[in-house]
Amino acid sequence: MNQLDVPALQRRLAAFAAARHWEPYHTPKNLAAALSVEASELLEIFQWLTPEQSGRVMTDPDQAHRVTDEVADVLAYLLQLCDVLGIDALAALAAKIDRNELRFPVPEPPKTPHNPPVDTESHSSE
1 MNQLDVPALQ
11 RRLAAFAAAR
21 HWEPYHTPKN
31 LAAALSVEAS
41 ELLEIFQWLT
51 PEQSGRVMTD
61 PDQAHRVTDE
71 VADVLAYLLQ
81 LCDVLGIDAL
91 AALAAKIDRN
101 ELRFPVPEPP
111 KTPHNPPVDT
121 ESHSSE
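Residue numbers (this note's numbering): 1 to 126.
Quick caveat, the hints were computed from the structure, so don't treat them as lab data.
Remember, it's a predicted structure, so these values are computed and weren't measured experimentally.
C-beta atoms are modelled at their ideal positions from N, C-alpha and C, and glycine is treated no differently.
Among the hints, erroneous ones may be present.
Cβ-Cβ distance ranges computed for the label pairs, FRET-style [as the list claims (entries may be wrong)]:
{"hint": "1", "residue 1": "L90", "residue 2": "T27", "range": "35 to 41 Å"}
{"hint": "2", "residue 1": "E41", "residue 2": "P113", "range": "49 to 55 Å"}
{"hint": "3", "residue 1": "A19", "residue 2": "V57", "range": "31 to 37 Å"}
With the hints as constraints, model all of the structure from the sequences given.
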(Lines of atoms letter the chains of each structure in order from A and count residues from 1; the text may use other names and numbers.)
(Lines give C-alpha, C1' and ligand atoms only; values in the text may rest on other atoms or scores of the structure.)
Protein backbone atom coordinates (compact mmCIF):
# COMPACT_ATOMS: atom_id res chain seq x y z
CA MET A 1 0.00 0.00 0.00
CA ASN A 2 1.97 3.01 -1.31
CA GLN A 3 -0.74 5.63 -0.92
CA LEU A 4 -2.67 6.19 2.28
CA ASP A 5 -5.99 4.51 1.51
CA VAL A 6 -8.06 5.62 4.48
CA PRO A 7 -11.22 3.64 3.66
CA ALA A 8 -9.18 0.43 3.18
CA LEU A 9 -7.46 0.97 6.52
CA GLN A 10 -10.81 1.64 8.19
CA ARG A 11 -12.22 -1.58 6.71
CA ARG A 12 -9.22 -3.55 8.03
CA LEU A 13 -9.60 -2.01 11.48
CA ALA A 14 -13.34 -2.74 11.50
CA ALA A 15 -12.77 -6.32 10.39
CA PHE A 16 -10.11 -6.77 13.07
CA ALA A 17 -12.50 -5.52 15.75
CA ALA A 18 -15.45 -7.54 14.39
CA ALA A 19 -13.45 -10.78 14.36
CA ARG A 20 -12.78 -10.27 18.06
CA HIS A 21 -16.34 -9.15 18.87
CA TRP A 22 -15.10 -5.74 20.03
CA GLU A 23 -17.75 -3.63 18.24
CA PRO A 24 -19.87 -3.12 21.40
CA TYR A 25 -16.88 -1.42 22.99
CA HIS A 26 -16.07 0.80 20.02
CA THR A 27 -18.38 3.63 21.00
CA PRO A 28 -17.40 7.22 20.24
CA LYS A 29 -16.68 7.83 23.94
CA ASN A 30 -14.46 4.76 24.28
CA LEU A 31 -12.61 5.41 21.04
CA ALA A 32 -12.01 9.06 21.99
CA ALA A 33 -10.70 7.94 25.39
CA ALA A 34 -8.44 5.32 23.79
CA LEU A 35 -7.17 7.94 21.33
CA SER A 36 -6.29 10.22 24.24
CA VAL A 37 -4.47 7.41 26.05
CA GLU A 38 -2.43 6.54 22.96
CA ALA A 39 -1.59 10.21 22.35
CA SER A 40 -0.40 10.37 25.97
CA GLU A 41 1.79 7.32 25.42
CA LEU A 42 3.34 9.11 22.44
CA LEU A 43 3.89 12.21 24.56
CA GLU A 44 5.50 10.10 27.28
CA ILE A 45 8.37 9.25 24.94
CA PHE A 46 9.22 12.94 24.59
CA GLN A 47 8.27 14.06 28.11
CA TRP A 48 11.71 14.73 29.59
CA LEU A 49 13.72 15.18 26.41
CA THR A 50 15.28 18.50 25.49
CA PRO A 51 14.18 20.02 22.19
CA GLU A 52 17.47 18.84 20.69
CA GLN A 53 17.03 15.28 21.98
CA SER A 54 13.45 15.16 20.73
CA GLY A 55 14.65 16.21 17.28
CA ARG A 56 16.98 13.21 17.20
CA VAL A 57 14.57 10.62 18.60
CA MET A 58 14.21 8.80 15.28
CA THR A 59 17.98 8.19 15.07
CA ASP A 60 17.77 5.65 17.91
CA PRO A 61 16.24 2.44 16.48
CA ASP A 62 14.50 1.47 19.74
CA GLN A 63 13.02 4.93 20.25
CA ALA A 64 12.09 5.18 16.56
CA HIS A 65 10.20 1.89 16.87
CA ARG A 66 8.34 3.11 19.96
CA VAL A 67 7.42 6.42 18.31
CA THR A 68 6.27 4.70 15.13
CA ASP A 69 4.12 2.23 17.09
CA GLU A 70 2.49 4.98 19.14
CA VAL A 71 1.81 7.08 16.05
CA ALA A 72 0.18 4.02 14.48
CA ASP A 73 -1.96 3.50 17.60
CA VAL A 74 -3.07 7.14 17.57
CA LEU A 75 -3.93 6.96 13.87
CA ALA A 76 -5.77 3.65 14.29
CA TYR A 77 -8.04 5.00 17.02
CA LEU A 78 -8.59 8.25 15.13
CA LEU A 79 -9.60 6.37 11.99
CA GLN A 80 -11.92 4.09 13.98
CA LEU A 81 -13.51 7.10 15.67
CA CYS A 82 -14.04 8.78 12.30
CA ASP A 83 -15.54 5.57 10.92
CA VAL A 84 -18.00 5.21 13.80
CA LEU A 85 -19.02 8.87 13.55
CA GLY A 86 -19.19 8.94 9.74
CA ILE A 87 -16.43 11.56 9.40
CA ASP A 88 -14.32 11.64 6.25
CA ALA A 89 -10.97 12.26 7.95
CA LEU A 90 -9.17 13.61 4.89
CA ALA A 91 -12.05 15.90 3.92
CA ALA A 92 -12.25 17.16 7.51
CA LEU A 93 -8.51 17.86 7.51
CA ALA A 94 -8.65 19.66 4.15
CA ALA A 95 -11.55 21.81 5.36
CA LYS A 96 -9.69 22.64 8.58
CA ILE A 97 -6.57 23.67 6.66
CA ASP A 98 -8.75 25.90 4.45
CA ARG A 99 -10.26 27.57 7.54
CA ASN A 100 -6.84 28.01 9.14
CA GLU A 101 -5.44 29.62 5.99
CA LEU A 102 -8.22 32.21 6.20
CA ARG A 103 -7.93 32.61 9.95
CA PHE A 104 -4.13 32.91 9.97
CA PRO A 105 -3.06 34.70 6.78
CA VAL A 106 0.58 34.81 5.80
CA PRO A 107 2.08 37.85 7.53
CA GLU A 108 3.49 40.75 5.58
CA PRO A 109 7.28 40.72 5.38
CA PRO A 110 8.92 42.92 8.02
CA LYS A 111 9.72 46.46 6.95
CA THR A 112 13.47 46.97 6.78
CA PRO A 113 15.66 49.61 5.12
CA HIS A 114 16.25 47.12 2.30
CA ASN A 115 12.56 46.28 2.09
CA PRO A 116 10.71 49.62 2.40
CA PRO A 117 6.93 49.61 2.58
CA VAL A 118 5.15 49.89 -0.74
CA ASP A 119 3.34 53.21 -1.00
CA THR A 120 0.00 52.39 -2.52
CA GLU A 121 -1.36 55.89 -2.16
CA SER A 122 0.15 59.03 -3.53
CA HIS A 123 0.86 61.56 -0.80
CA SER A 124 1.85 65.12 -1.60
CA SER A 125 3.52 67.61 0.70
CA GLU A 126 1.58 70.81 0.60
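Hint check, failures only: 1
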